[in-house]
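Enquirer: Sequence:
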Amino acid sequence: MTSLKVSFHSVGSSIYPACIVPAAVSKNVMRKQRHWEKIVAAKKSKRRQEKERRKAKHCQDANAGNDHQQHSKKFLKAITKERLLEAKDSGPRLCIDLSMTDHMSKKELSRLAAQIRRLYGSNKKAAKPFWLYLTGFVQNSPLYDECVRMNDGFVNYLVEFTEDSFLDLFPLETIIYLTPDSENVLEDIDPTKIYIVGGLVDESVQKKVTYQKAKGNNLQTARLPIQEYMIKKDNVKNYHSEILAINNVFDILCTYCETRSWPEALRAGVSPGKGFVLPDEIIPEN
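Position one of the sequence shown corresponds to residue 1 (the numbering used here), numbered consecutively onward.
Treat the hints as calculated values from the structure; they're not laboratory data. Worth double-checking, as some hints may not be accurate.
Stated by the list, open to error - For each label pair, taking beta carbons as the anchor points, the in silico distance ranges come out as:
hint : residue 1 : residue 2 : range
1    : LYS207    : ASN238    : 12 to 22 Å
2    : LYS44     : LYS74     : 32 to 42 Å
3    : SER90     : ILE282    : 35 to 45 Å
Even for Gly, the Cβ is constructed at its ideal location relative to N, Cα and C.
Taking the hints into account, I'd like the entire structure generated from these sequences.
Expert: What follows is the structure in structure tokens.
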């Protein structure tokens, strides 16, 4: 007696036999079965596309008049990529010097990795982004591993990663090392210059590390104009500091490029916890 094989297909919640054929299925039956499977797959795909269209229409109606919200994530991602790549050729340039991380603790490295994430996120949103360099950045180093662990898609960041020193990448006369210990005030941002920020999170607060490195290599230095535009605010601990996280430094530079206003730029990057405020932020006592 010839054995029979029963195959079933499901549609919705119903299950029914598609065909009853001999165990040795003929080519004709297999072809029909593949044809049926394609029809079922096409119907599922069509339902999924309809669902996506309804969802997109709902979002569009909810955000009427907001062109930014009406674009797909893929489109917005392409626009962001285009802006960042344009900055590579014509935008201002900022380099994070990561050559001083050898003696940093795991906690300090984690904090630095988080600051790099915030900095890159701000640059992606910027109307006038910088082209970013991460120099002295050794692959598979503790900092590299921490960046990959903490930052989704880190290896695909549109920045220039290199183990080389910035001293070997740029002409010395084009380099300006930003350090709070400089006697020179940063008055403007020159697109022909490369601005260096020390990637250093030092909880022991060693003094003048970045300044000494810059002067040891005969580099130009500059400090942000905090003293020129902000005033010290009285606080219990009498604490005032111009040492900022690298993402806060970037927020200041980026805001200045967009507004050409140092007060607005400093407002964006200097938190009240640093003990400095703009004059218009002082609330007069009654």
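Enquirer: All hints are to be evaluated individually against the structure, with a verdict given for each.
Expert: Verification of the hints:
no. : hint                        : result
1   : LYS207 - ASN238: 12 to 22 Å : holds, 18 Å
2   : LYS44 - LYS74: 32 to 42 Å   : violated, 22 Å
3   : SER90 - ILE282: 35 to 45 Å  : holds, 40 Å
Violation of the numbered hints given earlier is confined to hint 2; every other hint is satisfied by the structure.
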